[in-house]
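**Q** Just so you know, the protein sequences line up as chains A and B, in that order.
In case it helps, the UniProt record's numbering puts the first sequence at residues 1 to 306.
In case it helps, the UniProt record's numbering puts the second sequence at residues 1 to 483.
Hints were generated in silico from the structure; no laboratory data involved.
Note that CB positions come from ideal geometry on N, CA and C, so glycine has one too.
Take these hints with a grain of salt, some might be off.
[As the list claims (entries may be wrong)] Listed next, the in silico DSS-like pairs over lysine-lysine satisfying Cα-Cα at most 25 Å (straight line):
(1) Lys405/B / Lys57/A
(2) Lys141/B / Lys95/B
(3) Lys57/A / Lys359/B
(4) Lys359/B / Lys52/A
(5) Lys141/B / Lys67/B
(6) Lys67/B / Lys197/A
(7) Lys57/A / Lys416/B
(8) Lys139/B / Lys435/B
[Stated by the list, open to error] What follows is a set of in silico ranges between Cβ atoms, one per label pair, in the way DEER data are often shown:
(9) Thr242/A / Lys347/B: 33 to 43 Å
(10) Arg423/B / Phe284/A: 26 to 36 Å
(11) Asn331/B / Gly152/A: 58 to 68 Å
(12) Gly152/A / Asp454/B: 29 to 39 Å
(13) Gln253/B / Thr242/A: 45 to 55 Å
(14) Asp454/B / Phe284/A: 27 to 37 Å
Letter by letter, the chains look like this.
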Amino acid sequence: MSFVEYGDTIKDGDTAIVFLGHESMFPVKVQHGTVTQTKYGVIRHSTDLIGKKYGSKVTCSKGGWVFILHPTPELWTMNLPHRTQILYSTDISIITMMLELKPGSIVCESGTGSGSLSHALIRTVAPTGHLYTVEFHQQRAEKAREEFREHGVEHLVTVTNQDVCKNGFGVSNIADAVFLDIPSPWEAIGHAKSALKAEGGRICSFSPCIEQVQRTCLAMEEYGFTEINTLEILLRVYNVRTISLQIPDLGKTAEDNSSTGFDSSNPSHQGSPCANLQQGTVQFKSGVPLREVVGHTGYLTFATKS
Amino acid sequence: AMEGGPSARIREGDCAVLKRDEVFKAVSVLRRRKIIFEKQWFYLDNAIGHIYGTTFEVTSGGNLQPKQEVEETTTETKEAGTDNRNIVDDGKSQKLTHDDIKALKDKGIKGQEIVQQLIENSTTFRDKTEFAQDKYIKKKKKKYEAVITIVKPSTRILSTMYYAREPGKINHLRYDTLAQMLTLGNIHAGNKMIVMETCAGLVLGAVMERMGGYGSIIQMYPGGGPVRAATGCFGFPKPFFDNLHEFPLSKVQSLLSGTFTTETLPADPEENALVEDESNGLSEEKQTSLQETEEEPTTEAAMEINPTEEQDMMDINAEDVEFKENKEKENKENVREKQIKQWERRKKLLEAAALLREKNADGLIVASKFHPTPLLLSLLEFVAPSRPFVVYCQYKEPLLECYTKLRERGGVINLKLSETWLRNYQVLPDRSHPKLTMSGGGGYLLSGITVVLDKGKSDSSNSEALKMEEPSSKRCKLQDLPC
Chain A
1 MSFVEYGDTI KDGDTAIVFL GHESMFPVKV QHGTVTQTKY GVIRHSTDLI
51 GKKYGSKVTC SKGGWVFILH PTPELWTMNL PHRTQILYST DISIITMMLE
101 LKPGSIVCES GTGSGSLSHA LIRTVAPTGH LYTVEFHQQR AEKAREEFRE
151 HGVEHLVTVT NQDVCKNGFG VSNIADAVFL DIPSPWEAIG HAKSALKAEG
201 GRICSFSPCI EQVQRTCLAM EEYGFTEINT LEILLRVYNV RTISLQIPDL
251 GKTAEDNSST GFDSSNPSHQ GSPCANLQQG TVQFKSGVPL REVVGHTGYL
301 TFATKS
Chain B
1 AMEGGPSARI REGDCAVLKR DEVFKAVSVL RRRKIIFEKQ WFYLDNAIGH
51 IYGTTFEVTS GGNLQPKQEV EETTTETKEA GTDNRNIVDD GKSQKLTHDD
101 IKALKDKGIK GQEIVQQLIE NSTTFRDKTE FAQDKYIKKK KKKYEAVITI
151 VKPSTRILST MYYAREPGKI NHLRYDTLAQ MLTLGNIHAG NKMIVMETCA
201 GLVLGAVMER MGGYGSIIQM YPGGGPVRAA TGCFGFPKPF FDNLHEFPLS
251 KVQSLLSGTF TTETLPADPE ENALVEDESN GLSEEKQTSL QETEEEPTTE
301 AAMEINPTEE QDMMDINAED VEFKENKEKE NKENVREKQI KQWERRKKLL
351 EAAALLREKN ADGLIVASKF HPTPLLLSLL EFVAPSRPFV VYCQYKEPLL
401 ECYTKLRERG GVINLKLSET WLRNYQVLPD RSHPKLTMSG GGGYLLSGIT
451 VVLDKGKSDS SNSEALKMEE PSSKRCKLQD LPC
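Excised from the complex, chain A in its bound form:
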């Protein structure tokens, strides 16, 4: 297995994802002789994991069970240890498409942060592309290098520990795309331009605050970028639920005993309410929004070098 290539069976040294149930999962480093504690009991790597097929159900010592999943950048994003605030798959998806990334692309990124976007970029440009990622925090840069190694992708990425605003990305005129997620992206636009290939390179800057966006757009214009476009994207998740609503008692007419108004005599079929006359309820399926949703992550500004 690796983050850029699917494997069928769990091997020693793999990073696997243990899935416990609804949105409850964690990553695990598979190692001979190791055990992992879960709320359902112990998982013994040597007997329960190594050699098993990814996607298998594993019964833990207390009798409960879990699923072992093949890692993907998306699962990694949901489970990685946060060193900084990270980008989630919703933003990552639109960034990938708008930067026109694909196998063979050369991408520059700063800051590396916790490596959430980095893993997704590496997956997209593999096997012939490369990610040059710049992180000014020494420990974070080192941790990122370590993780890329563990995940079998170190040949696809170069981590540089420096300040992108002062020293750029360490490459020039070769990048198909540049991504910025730093406090003062306008200070790095010039460096981004020199890292990008001569014509047609794409740039993206991610900023939580509109003031940062304004400064960045101005800088992009000054440096001759075109097609400057700012957007935001939000995810809306729905829970699928069967809902029962009570039919109100509106009383009876003088003559008959049947309840008036709501005609709940239709036989139930796909999507339409099914009535339970005895209990006076109507059932239907609904996609119910979550109670708390993400309202803002950041603004994404894209542009083209021409």
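Position chain B against the provided structure of chain A, taking the given hints into account.
**A** Chain B only, in chain A's frame:
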């Protein structure tokens, strides 16, 4: 082939995309072919050889000319007002008439100059605020300075174009939703993907782009053959298509039940593809330009045959018998050609069936006009465990049912029903605000991950289902029931 190297140049035969502001149009780059775009007529001949991304102006002769970089004349602090309390919109503030402007255009006066004339002949211009003047100039420039950029097609460009121009052809799949599918589906080089779409081949093209020619794709199709009109626009090199297979939906049941044969094949795919194109109401120009590209090879072939026939016709008296023999030979060749084609198609079908039978696909993407439930329930059988799948539907309700059926089936986890909300912004100093809202129109996604299916254990699949649901809040327990 283009990555990291010199920038791509426009070549004859390419599918290119014309861009003017936010409007896109895909065209075939052919010499002496008149193109209509944004109320302008021109030939693409002069564009050939230029780098993609070049901006052109249309000359009076209908030719393209690269736009010169013009120094924006630093405007001295223009006279401007403070607000619009005294500006009356009586439609009389512009002194130039329609005819005056037309005369300027006919004289060949450049757009820039026309805009300048409009400003000078506007009685209210100097009373407008600086922002209003800015907006006015932008608006006039947009109308009179017609510049066209020729861009290289990509998923970004084509999905935006299709959503704006022909959303009906792609089931109103908005481009950000497509972006989610590609990422949620972990589409990358080396995958073995199953794709089922009725989006003119746009989704297939997007998947192919993210796979970079590595791995393989089996495209499931309804009816006689897959529609790949949009796929052609991406400009993929030929090797990309070597590992693209197709398989008819009508054979899926037989494949799953083990009764699959190649005895009854669907009708000729080429005919069906053209028919579907025509009946989808393509905008006239696009239809002409695409169809003409498709028809050219056959026209050439016809031209090759004709001279021989004509010659035969002229010599008919002297070589009557020979002429008949030639005709017979031709017919036999045609029949043999058809047989070879039939055999090749059968061979490809068996190959695709074999790939599916392995039941080890790395992912499934569905984006079609059909109800998603039967598609998912059958096609998931071909997917390996611990692999992602994504289903798109223009409507939410069918996905509610799909979700429920998948829970009953078991063998899937992390089911998520979602949509994305997209908003564009205008960012200008002191004038930044959201531009237009597009939420609500992009369609819905149901995604999940496969796991090893525990067949014949209805107990465990029930407890699985319960485990997969989020715990309902205590307050709502009476009303909410997990599906």
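**Q** So, for every hint listed, does it hold in this structure?
**A** Taking the hints in turn, this is what the structure says about them:
Proximity of Lys405/B to Lys57/A is assessed by CA-CA distance (about 21 Å); at most 25 Å being required, the pair is judged to hold. Note on Lys141/B and Lys95/B: the hinted pairing holds, with a Cα-Cα distance of about 18 Å set against a maximum of 25 Å. Between Lys57/A and Lys359/B the CA atoms are separated by roughly 19 Å; this keeps the pair inside 25 Å, and the hint holds. Annotation: proposed proximity of Lys359/B to Lys52/A holds, straight-line Cα distance about 18 Å (limit 25 Å).
For a cut-off of 25 Å, the pair hint linking Lys141/B to Lys67/B stands: about 14 Å separates their Cα positions. Using a Cα cut-off of 25 Å, the hinted pair Lys67/B and Lys197/A holds, with the two alpha carbons roughly 21 Å apart. Taking the CA atoms of Lys57/A and Lys416/B, the gap is near 20 Å; set against the 25 Å cutoff, the hint holds. Of the pairs offered as hints, the one joining Lys139/B and Lys435/B holds, with about 16 Å between alpha carbons and a cut-off of 25 Å not exceeded.
Judged by the Cβ atoms, the range 33 to 43 Å given for Thr242/A and Lys347/B is violated: they are separated by roughly 49 Å. Taking 26 to 36 Å as the suggested C-beta distance range, the pair Arg423/B and Phe284/A conforms, at roughly 31 Å. Distance hint for Asn331/B and Gly152/A: a CB-CB separation of about 60 Å, consistent with the stated range 58 to 68 Å. Taking the beta carbon of each, Gly152/A and Asp454/B are about 31 Å apart, inside 29 to 39 Å as hinted.
Taking the beta carbon of each, Gln253/B and Thr242/A are about 30 Å apart, not inside 45 to 55 Å as hinted. The hinted window of 27 to 37 Å between Asp454/B and Phe284/A holds, with their beta carbons roughly 30 Å apart.
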